[in-house]
Structures are given as C-alpha cells and as structure tokens.
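*Asks:* Produce the entire structure from the sequences given, and follow the hints as far as they go.
Protein chains: 4
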Amino acid sequence: MKLNVTAQLNYVVKSASTIILNIHALKTADQQVLQETFTTTPEVKMEELQNVGGENRFMRLDITQPCELTVNYDAIVNNAYKIIDHRDTKGIAMADLEPAVFPFLNQSRYCQSDKLYRIAGHMFGDISSPFEQVKALTNWINTNVLYLSGSSNAQTSAYETVTEQAGVCRDFAHLGIALCRALTIPARYFTGYAYKLNPADFHACFEAYIGGEWVLFDATGLAPLNGMVKIATGRDAADAPVSNLFGDVYGTGIKVNCELIEGDFKSYFYPKNRFEGITYL
Amino acid sequence: MKLNVTAQLNYVVKSASTIILNIHALKTADQQVLQETFTTTPEVKMEELQNVGGENRFMRLDITQPCELTVNYDAIVNNAYKIIDHRDTKGIAMADLEPAVFPFLNQSRYCQSDKLYRIAGHMFGDISSPFEQVKALTNWINTNVLYLSGSSNAQTSAYETVTEQAGVCRDFAHLGIALCRALTIPARYFTGYAYKLNPADFHACFEAYIGGEWVLFDATGLAPLNGMVKIATGRDAADAPVSNLFGDVYGTGIKVNCELIEGDFKSYFYPKNRFEGITYL
Amino acid sequence: MKLNVTAQLNYVVKSASTIILNIHALKTADQQVLQETFTTTPEVKMEELQNVGGENRFMRLDITQPCELTVNYDAIVNNAYKIIDHRDTKGIAMADLEPAVFPFLNQSRYCQSDKLYRIAGHMFGDISSPFEQVKALTNWINTNVLYLSGSSNAQTSAYETVTEQAGVCRDFAHLGIALCRALTIPARYFTGYAYKLNPADFHACFEAYIGGEWVLFDATGLAPLNGMVKIATGRDAADAPVSNLFGDVYGTGIKVNCELIEGDFKSYFYPKNRFEGITYL
Amino acid sequence: MKLNVTAQLNYVVKSASTIILNIHALKTADQQVLQETFTTTPEVKMEELQNVGGENRFMRLDITQPCELTVNYDAIVNNAYKIIDHRDTKGIAMADLEPAVFPFLNQSRYCQSDKLYRIAGHMFGDISSPFEQVKALTNWINTNVLYLSGSSNAQTSAYETVTEQAGVCRDFAHLGIALCRALTIPARYFTGYAYKLNPADFHACFEAYIGGEWVLFDATGLAPLNGMVKIATGRDAADAPVSNLFGDVYGTGIKVNCELIEGDFKSYFYPKNRFEGITYL
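Residue numbers (this note's numbering), protein chains in the order written: chain A, 1 to 281; chain B, 1 to 281; chain C, 1 to 281; chain D, 1 to 281.
Each hint can be trusted.
Repeated chains share a single entry, so a pair holds when one copy, or any two copies, can fit it.
Below, simulated SDA-like cross-link-like pairs (lysine to any residue); rule was C-alpha separation at most 25 Å, straight line: (1) K27 - P99; (2) K14 - F124; (3) K90 - M46; (4) K27 - G53; (5) K90 - E47; (6) K90 - Q65.
Calculated directly from the structure, the hints in this document are not laboratory data.
*Replies:* The structure is reproduced here in structure tokens:
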C-alpha cells in the first residue's frame, strides 16, 4: 500500500523561538519512506534530532526573527502490516516479559494506571484472553466516551476521561492505554496519519502488547485500522506531541491529508467475535 | 570515598509472584561497585534485566511458591563527584539543547510541569541564572513543604504537593522536578543511598540539567549532598521505583544502611550566596 | 424502639482552642431524645449553636487552657421510621420539585455530581424508576468499592472514589449522593449512630429524595437500616462533621456505642426484587 | 444611587425543559427594587421560588414545547452601601463567631479550603489584621492569576486556579473565598450586575466576614466596587448559578447591561495603604 501524506502547519512567531515537530513518517522495517520533503516558508535553520529516547523523528526549527511561518511536509510511504489471530494468545507472565517493554507498563502523565487498577479489574479483569480484554475495553470506551471537540484540552488525562467520558482521539487513546496497563498489559501511544479519517487530521490510537506483538486499537472507531502511517509511539502524548513550542509563538492552523496512491484498499475494522489483531512494525 | 550500602527487604508472598527491585548501586564512570552480593531467602529464580530504557539496574525475582521472602543487598561502592561553580552558567537555548535531554523536559506522571508553568514563572521566572533558579525553588520547597510521614502516598504528585505542601522525600523531589521543567530546565528523579540520612532509608532527590551537567538538589535538606550512592535516575518515581510487585505479595519491612568505610567525610550542603553545584556521573 | 447511644471523644489541647461537635441525636417528629447528658472533663465553657443553616445540633466548646479533654455524650432516644413501597413512584419533574430540596441537587465539595453525569447516565440512566436507580447505584457501590480503613482521608471525594474504588462509609455515602444528583435525584448526607454496626463507630449513609420522602440507603451494607439514630443531614460531610477543631488540638480516640434498650429488633436490609424504602423523619 | 439593570438570555429548547434563573436583583434593607419586569418570548409558565436555602431569588421556567426562548429582565434598583474603616478590626475568635456564619467557613465544591490551608498560611498567615489578610490575598490573585476567557470552565475550582493561575471572574472569586476560609475567615460568593464592567456581563466577586460585616472584594479589579447590584450570595457558584438547565436545552447568548440613572458616581477601588471596606447589605 502506497500512501501520500501531507501536513501544513502555520505559526505566528512573535520573537525568536524554537519549534519541535514530530510529523515525519517513521522509518521501520515495514514502513518505507520512499520520498519526503520538509520545507518552511520563510526558510529557517532546522535539524532532525537523533536519540530523543526512541525512534521518533523530531525536527527542531530555530526561528530567529518574527515571522508568519508555514511548515510543509509531504511524503510517499510504502506501508505494510500484518494481521495475526490472537484467539489462543495467552497473557505474558511478568516473569517472562521482555525488559524493553517494561516502561510501557508504567503509569505516565496522561495514563495514571496506578489509579485505575480497581476500576479496570472490576470491568475487564474476568476476561482471560488479553486480546479480548483490550477489545472489550476499547469497545467500552467507544460506547461510553463521547467524541466531542473542545471537551478536553492538552492537560486532560485518562483519570478525568474515565469519569467525565468526553474527549477527542488523544483522550480515547490515553484511556485505552491506562486501562491496559492497569490490567498489566503493556500499552503505548500511537500517532499517525490515517487514511479515510474524516475530517482529515493527525490521529491518535494505542498499541497493546499481546503475544509479543504491538497490536493496534482505535477506541474512536473513526478510521480504518489498515490505513495508518505511523509517526511516533511513546508512553503517552507527552512523548509524541505533534509540536512543542518554546518562545512567543502560537499555531494558527493545521491541514493534514492522507491519500492512497497505489494498491487496493478495503476498510478494515476488527470484526466482532473474531480475534484478529493488526500490527504495524 | 568508599561506602558500604546494605538493604534488607521483607515480603510475604501468598502465591506465585514477580518482584522487580531497583536497589542495586548504579555503575558509572565515577561510581564503581567494588563488590556486591544480592541474595534471597529462600532462594528464588532471579535475573538482572538489561535494557529497561536506561542504565538502571532492575532485578527480577520469580517466586513460584508462597513464602516469607527476605532480600539482602550488600555492596561496597567507590564513589566520586565533582563540584562546579555555576556562577556564570547561562540557560541553554532550546535550539542548542542535546536531544537526549529532551525527555526530561516532558511532563510526567508525578511531575505535571504543564500545569505549573504559570506558578513557576511567577515565583522564579525573574531569576536569570538557571542555577539560582533551581536553588531558589529548592529553598522554597524546603521552607514551605512540611516533611511529614504518612501525609502522602504512592499516587501523590507535584500538582498536589505544590498546594497541599506536605510530603516525603519523593514528593519533595517530584515538586522540584516539575518546577524545573515548568521553567524549561530539564530535570530528573534521583534515588540512592544517602550517608548520614537519619533515619536511614532509601532517599530521593533530583538533578537539574545546568550548563551541560546534571546537578544534584535535595529539597528535604535531610542528607549531605556529598554522601550519595546513586541507584537510579528517571523521569520520576514511575521510572525508578524501589520495588514493583506483581501478584499476591506485599512488603513487611525495609532496612537500609549506608556507612563510610574509607576516606574523610565532611558534610556538604550548598552554601548560601555561592553557586557551587555537585554532580555525580 | 428505644436506643441508648453513647460517645466518648478524647482530645489533647495544647493551647486555647475551640471544638465544634456534631454528635447529639437530632430531635425530629419521629425521633425523641428522652434524656441526654453531655459532659466534659475538665469542664469547659460550652454552647449549643442554633441556626447553623439547618436543624443539626452543633455544640461549641471553648477551651482556654491546655489539657487532656474527654467529652462524653449519653442519650436515650425513642425512634421510629416508616417503610414505604416505591414500586410505582415516579421521578419528580424539575418543574414540580419543592424549592427547599434544590440545594440537594447541587454539586458539593465531596459530591462533584457535575463531573459524574455521563458516567451515572451510562450506568443507571436507563432505569426508569427512581427507587430502582438508587438501589442499583447503591448495589454497584457495594460491589465495586472496597471498604478499606486508611484508603481514604478527609479530603477524599466522590470524584476519586468512583475510579479508585476504595474508602470508608463516608466515601461510600459521598459517591452515592454524587451519582444520585448526577441523575437529577436530590440526595443528602446522613450521619448517625447505627445499632449492630461492627465495629461500633459513627456511621455515614445517604438519603435520596424519592416520591417526596427522604429514603435511606447505605452502600456499605454494614448496618441494618432500621437501627439508625440520626445525628445530622447535610449536603456532604462538610456540613455534618463529627468534629471541627480550631487551634492546637488533636483527637486521640473515639468510642461509640449504640444499644437497644426497649422494643424488638429484627435486622432489616432492603430485600432484592422489592421496592421498600425506609424513611426516618 | 439608582441603577437600571437589564439582562437578555436566549435559549434553544429542543423538548420540554425546565430552566431556573438567578438574575433578579436581591431585595435587601439597602437595595430596593423600585420596579422590575421579567418576561419571556414565547410566554411560559414561571414561578419565583421561595425558600431555596437563602434569600436568593430563583425563577423557575417550565417550557413544555420546543421553541427559541428569549428571557428579558429589566429592573430599577435603588442601592446603597457603607464604607467602614477596618484598621483596628481584629479577627473573630471561633468561640465568638455567630453560628449563622459557620457554613461560610466550610470547604465547598469550588472552594476546597481544606486543601489550601498550608499554602494560605504560608503566604498570608503572618498578617495579623483580617482586613489586610484579605486585601493581600486579593492582590496576590490579581497579580498572579491571568484573566483569560476560555481558560476555565464550569468545573474549574480554586484548587486548580491556585496553581494553574488563569480564569475568569468566577474563578478569581472562588480562589479568594477558598484562601479566606483556609485562614479561618468566613467568605461567600457574590454575583451581581456591575456598573462600568467592560465588557458588560454578570460579575462575580466575594465577600469576607470581617468585624461582623460582609466586606466586598473583587480580585479581578475589573469593576468599581461601588457600582454593584447584588443578585445572590452563596457558598460558591453552585449556590448562585445564573442559570440551571434541565432537559434538552442550551443557551445561545447573554446580554447584560447596567446603567446609572440617578446620583453621582465616582469609581471607587480600595486605596493602597488604607483599610476601608465596602459592605452592601
């Protein structure tokens, strides 16, 4: 599957500022970035940061003059995923869990799993299959949390969303992650471009670690699971923000697009009563 | 300086459980672990985990039978630090900050710097020297937050402590970190053994990234800054917990000790009106 | 039914202090206080406050000297209640609700119903009978919230308990109240002496306004509903605290007792599949 | 001073609903409502509620049909206040406080004074005069909290505002009240019409109980203290909401006006270094 993803971000820069963006398509074994351009108007000094605690691709912009800044990203991505049947997948005992996965069991800024273990246990603790647990909690979020623009902000966390039950994709993802971790299932935040997401925007989902695979779940149900281009993963949105602004600068607009340019596409969502999980490397 | 550190932890294990401990002295360029023993009674399967997102030394215990478990750690550590004058150290512009340090600017579970930037700015934003900023906020915590055992718990975060103003060393550290990050100063959590801490216990402090060095601060003022043996660093206590328990198991006691066995020791705290900062590699 | 209730409270008073106690049995149409004594050792100036925003009986103690203070309350109360079948009781339209009841629909310190309306609606909104709604939410609390001494404190509110799911009687009551109000059912906090509560202590429950009656519910299930002696009602524990301390004074112990001295007693709890509600005037 | 106050509120009513409004000028010894009209288009059933736990004037509208509803209130109010010098006013000992004032010491939904007593004590506890304490905390709020529309919502409380330091008049008032109560100074919420408030809107301030008088404070500093027409007082905004909506109904606009129609007016704010307090009966 070949996808063309684009993003345009606009800023008003009032004085010398630094912007760190995390909008580049990730490069992985299964996700090749065939071509990409990243430009700004006016031109500013920029640097792709290595080694920010993971594989995510951060671009740092150093703007020395006040200006109206436009950032354009355009990439063609060749993308693949696998679908695995988790019917017989058992939970991983703590004694056997890969050490690299441990951080994704930790409570984090937006996913206070330490406060949710009783509620998670009461709702989903009796389900023995980890895939079914995550599917059940994803469905619970989808059914109970209202998708409502403006109902949450950059400080909203899973602890609030589990009770107040309104939010946007980021909040749905955080709640999914927090409930997984509260059930001792490692989980991480996923941001990406999403084909057929309407209206087009950056999207946030989550991945749960099941049977040694990072399986994708989207509690919003707003985009097919098989049309994602991964930008970043992290513990939560604090690790994978679209943008971080330092200085007297603010955003004025975002335009995102994701188009299929090669390959067939049939929208795929998890079917009921089946145990297929989709994994993007 | 040579220190002998010991820890004994007791658990009641009711059924098969996993315990992950983070009590080993860290091995760094300046901190050599000359000898160490880690034993349990009864003997259980154990493994030192590599690659848990950093250098921290996690030991995983796999206990398959109900038992009363005693863990003993005993190490001799050769330790050094440097003291640097930060009188003329300037803040690091975001455009120049090392990428590896960025995660320590992020809001985290116990250090919600995103919620504290106005209060931090109003209290300490006018101080131009980053060392003085951190020293001032450390003093503010020391003056205003009451050290009171039992006033906080494992869920208490900087957001609560900044207002409720009571806690233990962990809370003092979290608040220091959150205020630093809110001022755009990278900061991280530090756990260790502390010589002359009274009563003896594991200690928690924080390090702020000033002039390219991780400078140690202890808002509790309870232990000399020059007698620390580093166990771990992390974003906050979620990354560096003394213990994580999985299963039907609970702790019944902790005994910690830290003795000087070679070298002179003169208790060192930051002097007023000076700009010396202590750094442990 | 005639009950003898007693309470002994002990304080250490370090300097001149004021204590306000709310431990007297309320005097109502159905609850007669046949005799009562309220004494302190040493003797201190005391005054029963009138007009503190309701009928609750507050006693103010003015202690001018440091001392160890013992307070003893002993009363014989003749008590009655009614049991009403609410099978056909409909919800009260806002257009018809008695104005005096409106304050018990308001969000309050410990009952943030404004934050719980979606979760309450999702869990109990489809039940049409208000009595069944309150019974269902009371059962839900009883099933999901762990009664655990020490798991909460004087600052714990329904917003925390609904997720963290541990607490004591006060927390169970606050959560019941908050869920009722979120469903537009007026509800208030109830404190009292409770016959057969084990271990003996002050008890907290809640009353929901159903069919023009204040119907008693106890989400803890720890005491029979028909052995209560009402001390106070209010919006939440802020209105009806057992004690309020002003000055350098702290409590060192509480002993409470409640004995039947006349009449038969058969423990009564709400039977399943029936619609009886108990009301104390 | 004679003022003409008007308010127009617009609603879309989708199905049978009840609206409770609290926009009528209060009638007190010093505030006479010379004439007033309250009308709706279309006409709906309405009732002025008595006895909702205070003197506040609630109007209940019973709308049985879907409609676009316009509410108009227009009143001429004759208003007076007194200015009292509190230079020598001492704090009131708890042993002497009027019982009716006690509820205004309680923690409440938006004023969690129980969580703020250490921060309040550290900032303002050393000031001995209660008037100066309240003036100091009012100035602190004015200096540190950013007035920013949209930065808070109907759930925002003093506990958040004290740290996050942004809000609107309601949040400024709640924080003032919470700090007062944390210092054992009774305080209550005040809503009203405010002459020269720009842009015109309903206003919220607070009153502190000093020397037996309810003294008005406005931490926003946005309106002269001598041009207020009191609508309501209460523990916090939960007691005195402009509107409470029950049913499928939402507001679409509010227009408020307050004009001087007789008398001189010289804008009055508390002068520095003086101790005058303004009291509206």
